[in-house]
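For the record, the sequence lines run as chains A and B.
Note that my numbering has the first sequence beginning at 1, numbered continuously upward.
Note that my numbering has the second sequence beginning at 375, numbered continuously upward.
Rather than coming from a laboratory, the hints here were simulated on the basis of the structure.
Be careful, since some hints might not be right.
Claimed, not checked - Computed footprint of chain A on chain B; a stretch qualifies when at least three of its residues, placed anywhere within it, have a C-beta under 8 Å from a C-beta of chain A:
1. 432 to 441
2. 469 to 481
3. 484 to 496
Quantities reported herein were computed from a predicted structural model and do not represent experimental measurements.
Glycine included, C-beta positions come from ideal geometry on N, C-alpha and C.
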Amino acid sequence: MNRERLHAMVRKEFVQMRRDPATLRLVLLVPLMQMLIFGYAIRTDVRNLPTVAFDQSRTQESRALVQRLTATGNFVLREQAESYEDAVHAVDAGRARAAFVIPESYARDLKRGRPTRVQVLVDASDPSSSASAIGAAQMVGQQLNVEIVQQRTGSNLSTGLPIDVRVRPLYNPALQSAVFVVPGIIGMILSNILIMLTSMSLARERETGTLEQLIVTPLARSEIMLGKIAPYVVVGYVQMTTILVAGHFIFDVPMRGPLLALYAVTFLFITANLGLGLWISTLGRTQTAVTQSAIFIMLPNVLLSGFMFPREAMPPLAQAFGALLPLTYYLQLVRAILLKGAGIAEIWPQALALAAFAVAFFTFATQRFHKTLE
Amino acid sequence: MNESAVARDVVVRVNGLVKRFGDFAAVDAVSFDIERGEIFGILGPNGSGKTTTIRMLCGLMEPSGGEASIAGADIAKNPELVKARIGYMSQSFGLYRDLTVDENLEFYAGVYELGAKKAGRVAWAKKEMRLEEIGGRLAGVLSGGQRQRLALACAMMHAPEVVFLDEPTAGVDPAARRLFWTIIRERAADGVTMIVTTHYMDEAERFDRLVFLSRGKRMALGTPAEVKAQFGEHLTLEDIFVQLQEKES
Ligand SMILES: Nc1ncnc2c1ncn2[C@@H]1O[C@H](COP(=O)(O)OP(=O)(O)OP(=O)(O)O)[C@@H](O)[C@H]1O
Ligand SMILES: [Mg+2]
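Full structure from sequences and hints, please.
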């Protein structure tokens, strides 16, 4: 590798990026927009889950309970169900996202000081919205318990707490919360945008005819490849910082672990994705063909990496495929650092995996790229 | 052409060169030699194999058969050495339209590792290729003639021994063509071997020697006068060209 040639290549790529306002806009605004859309969608959903009530007790006490639950702002009462099946059906059909099931004996049990059981069914298929609804329901249950127990001070506590609000999450037993999903957006956006941009960049040179003029020079293959990715490393860091800061100040995503460690492992992640993008770009000749291959990677990125669904719940084949994606490891990393406060000591296996990906993809790409026109 | 074997200084040797795409031979056992400082023409109708021949000689395509060497470097065994010794201007404009004239020149100066010589060579190229007035313009907005001169500048900044120009005057107005040919002659006078393809027959007389290709086969080789003699003295090169094309269809 020669410094002067590499420098010329890197510089040219930076100038070209600066001259392309459309791509610059994409690179800077899309992460922010996705962040905001995602973040606010979580908030509005959380505040207003349409809810169906199956109130078999039909008493003042049961209406008070419904009142308490809706007062949290998480639930909006939309309809009354006539049976348990009705209530579940309303959730299944999507008319409601939550259901209250209050037993016929509710008021009677309370009066007699017997434990009673209230069910709150929550459609947890959207993890971010359901988590806080579930939290709210549990909170209401506990508050009521404390109040009732206080009213009966002196009564025998060994009978247990009077109301047992049981939450049964439907469809998403792993219960991912909003703060859990938002750090994942960093990984998802970095991965998908970087793969898209790098894979296009080589195909564009091929299509516009500049590649022929480029490969007739003494530039080494690795110099061309490194030059292609250099500007996007910067792009990746800008995007990551944008999401990190916005996520922290707008959506209260914590930053518990060392940020320096996060930035360090992010370098490995960015490089791995750029290598993957370059590799993809050597697989197709036109920008259209390359875009299609890139989408072929981006879809598993969203579905199999653990960004949307917990990997533990996936069939073995899907898990195995997910293990081939850098994003899978980065998600574990970024969540561990931001949410659990993990440092290098805890995350080095994932960091090592990312480093291996970076080297492997870059090597594949360089091997597949030939300085000929065939 | 110098007939005495002693004085011949051959820089390009092409011997039975073949390029097949599947069953189809785009270049079919073509041979010729080119001497240092010659302006050598590769002529032929569309699809006759001019570009394919040049691409093989520049190390951009692997030959399917035969052999060739440029300034002593074998094109099949050592394509990267060939690339360092030649300049190449592709048939379609291959420079960056979103970079200015100066930025394109700077880029190629870096790629060819001109180092301390960089500033001097860029200034030389801009002067010789008549680009001094337009250094700040984006390559994408240049006229056809300006574009071709910029491409030639980028291909020659590193002072290559041999330069390949693939249809440099196609789609360029007559005045710009004349200027371009003046520049080609000036470079050849410096001792650089200029290899040029064209299908403008009025340009054929400008070559020291030329090879005529048709369907990948060599139909004629020699000075314009020798080629005419080979097909019959009464014919112009234009007539020969039309004849070959008719034979083809
Ligand atoms: N990569 C390729 N794959 C398959 N066929 C090819 C390829 N490149 C060229 N050909 C075919 O080889 C033949 C010679 O093409 P070439 O481009 O060398 O002709 P040319 O003389 O340069 O023509 P033109 O005057 O149009 O530039 C054509 O029939 C062309 O279709
Ligand atoms: Mg051609």
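Status of the hints after comparison with the structure:
Coverage of the stretch 432 to 441 of chain B by chain A holds [criterion: at least 3 residues with CB-CB distance below 8 Å; count 5]. Closer than 8 Å: that is the beta-carbon criterion, and the stretch 469 to 481 of chain B has 8 residues meeting it against chain A, so the requirement of 3 holds. Evaluation of the coverage hint for the stretch 484 to 496 of chain B: fulfilled, as 5 residues show C-beta separations to chain A shorter than 8 Å, against a requirement of three.
In terms of the numbered hints stated before, the structure departs from none.
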